[in-house]
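Please build the complete structure, drawing on both the sequences and the hints.
In case you want the letters, here they are:
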Amino acid sequence: MDALSGRGTVVALILICCARTAAQAQDLPPVAVPVPIEATQQTAEPAQDSGLAARSGLQWLLASGKAMPGIFGSAGGRWVLVGMEAGLIWTTQPVPNDPTRFLGSQLALFVLGMPYASPWFDLALGSGVDAYPLWGINLDTWEVALSLRAHANLWITRKFGLFVHARAYPLQTAGLELGTARDEREGSPVLFGIGVTVRTR
Amino acid sequence: MKPTHVSSLVALAACAAACVPMTFSEKGAVDFEKYRSVRVDVQPDDALLTANKHLAQELHRVSGFQYVTTNPAQATDLVLQVDIVSVDPPDQEGENYLAKVEFAAYTAQGAKVDSGEDFDDSMTQAEAIEDALDEVAAHYIRPYRY
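Top line first, the protein sequences correspond to chains A and B. Under our numbering, the first residue of the first sequence carries the number 217, and numbering increases by one thereafter. Under our numbering, the first residue of the second sequence carries the number 181, and numbering increases by one thereafter.
It is worth saying that the hints were derived from the structure and are not from the lab.
Here are some chain B residues the structure puts well away from chain A; computed CB gaps all over 12 Å:
id, residue
1, 261
2, 269
3, 273
4, 286
5, 294
A partial selection of chain A residues facing chain B, derived with a Cβ cut-off under 10 Å:
id, residue
6, 348
7, 396
8, 399
9, 403
10, 408
Each computed SDA-like pair below joins lysine to any residue, with the alpha-carbon atoms no more than 25 Å apart:
id, chain 1, residue 1, chain 2, residue 2
11, B, 233, A, 357
12, B, 233, A, 354
13, B, 207, A, 360
14, B, 214, B, 238
15, B, 207, A, 314
16, A, 375, A, 274
17, B, 214, A, 315
18, B, 280, A, 349
19, A, 375, A, 412
20, B, 207, A, 353
21, A, 375, A, 335
22, B, 233, B, 209
23, B, 280, B, 265
What you are looking at is a predicted structure, and each value in this text was computed from that prediction instead of being measured. Built from N, CA and C at the ideal position, the CB exists for glycine as well.
Structure below.
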């Protein structure tokens with residue numbers, strides 16, 4: 217009986233599919249087939265409401281000779297995001313005869329405008345302040361910079377995504393040298409970060 | 181997922197793949213190769229505050245000087261004179277004491293090589309002075325380049 221019931225279900229599904237295909241081919245109204253709610257949400261355009269949404273995630277800043285993991289969070293509406301970051305800094309290229317490995321923290325506050333947003337991709341540009349309390353070196357040592365930022369997010373699902381952040385420091389304290397290596401070699405002055413992010417909606 | 185979105189992210193990821201150099205550095209307030217030793221002279225200094233001893237310990241811990249002493253009989257490359265200019269009591273309940281200090285480093289010949297002023301606050305008078313002296317020690321932090 218169960219086997220017959222299963223065969224009947226399969227046949228019914230095949231008939232529905234065939235009927236739908238045939239209807240589309242003949243430009244006739246298709247047979248009504250229930251579509252999962254989640255699927256309709258995935259293909260729908262984003263709601264044009266002004267409600268707040270939050271994002272958070274894990275990031276890794278790509279500085280050579282440094283390990284810089286961190287977390288971030290932001291909140292805002294369709295056009296503006298306000299966020300913060302917090303991370304830790306280790307040197308992966310220790311100085312000879314110097315036991316220091318842990319350098320301190322990385323903190324940031326920023327405001328972004330989001331000129332482009334689709335269900336799968338969004339791009340935000342803005343500015344903020346980056347601070348580096350280097351308490352692994354000395355408790356009273358801070359470096360601070362004004363940052364210009366660009367955030368690009370690729371949403372793998374509706375709530376989970378990957379991102380790339382880029383930042384440059386037009387103003388920075390003397391002890392912070394973005395784009396200059398320890399041996400004075402010059403490089404790109406743009407610091408990238410990558411990571412994973414989730415959003416509330 | 182549109183191809184343009186994927187290509188945009190791939191391009192950004194390619195940029196990100198190139199780690200950029202980033203250096204934290206401190207050049208040093210004075211030439212620590214030239215001035216290797218220092219004598220601390222905090223005024224006023226009393227038995228309660230032991231300001232000289234505190235500053236010497238802090239300099240020994242964080243500064244670029246290889247030798248720090250409070251003994252006036254010892255010859256050193258520099259003498260660091262620190263004046264505790266003022267310790268302001270709190271105006272209102274809940275506020276802190278504010279200590280201000282001025283400092284200058286002199287060679288054995290009396291030439292001034294560095295000077296400045298610092299301040300810090302804390303809940304007690306002694307702690308405010310110690311915190312201000314910590315700021316002086318931090319001014320002479322050992323040079324680094326990470």
